[in-house]
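Visitor: Sequence:
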Amino acid sequence: MLKCTNNKLRLCLRISLKAIMKLQGCLSRLVLMYSSILVLAELESFKMEYANARLECNAANERANILASEVIGLEEKETSCKPACRPASKLNQISSSILFILFICNLI
21 MLKCTNNKLR LCLRISLKAI MKLQGCLSRL VLMYSSILVL AELESFKMEY
71 ANARLECNAA NERANILASE VIGLEEKETS CKPACRPASK LNQISSSILF
121 ILFICNLI
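Counting from 21, one number per residue, gives the positions in the sequence shown under our numbering.
These aren't lab readings, by the way, just hints derived from the structure by calculation.
Check before you lean on any hint, since a few could be wrong.
As the list claims (entries may be wrong) - Using C-beta positions, here's what the derived DEER-type ranges look like:
1. 62 <-> 88: 36 to 42 angstroms
2. 50 <-> 72: 32 to 38 angstroms
3. 90 <-> 61: 54 to 60 angstroms
Beta carbons: idealized from backbone N, C-alpha and C, even for Gly.
Start from the sequences and build out the full structure, keeping to the hints where you can.
Guide: Written out as structure tokens, the structure is:
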């Protein structure tokens with residue numbers, strides 16, 4: 021049977037406590053690293069959402085430019101046509117679409 025003295029027990033206890041404290045420090049660092057990884061993943065998700073919103077807005081701006089050029093073309097036609105052939109309803113519809121697209125892009 022092993023004979024343990026108080027000094028040996030105290031030494032073992034001290035060594036065990038130091039090991040536990042080191043393990044607690046390592047565990048704290050691991051938790052912090054894991055939290056950082058989660059925050060980075062969330063940040064990447066926000067970056068992707070922002071990039072998608074920018075792409076949609078750029079596409080809407082491009083569409084607005086196309087519609088604006090159509091409006092200019094219709095306005096030129098309107099001034100050269102007789103009063104009976106004015107495409108006013110089409111012109112109003114395109115103008116409304118342009119304003120709506122520009123409004124949505126400014127919200128993003």
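Visitor: Of all the hints numbered above, which does this structure not satisfy? Sort the numbers upward.
Guide: Number 3 only.
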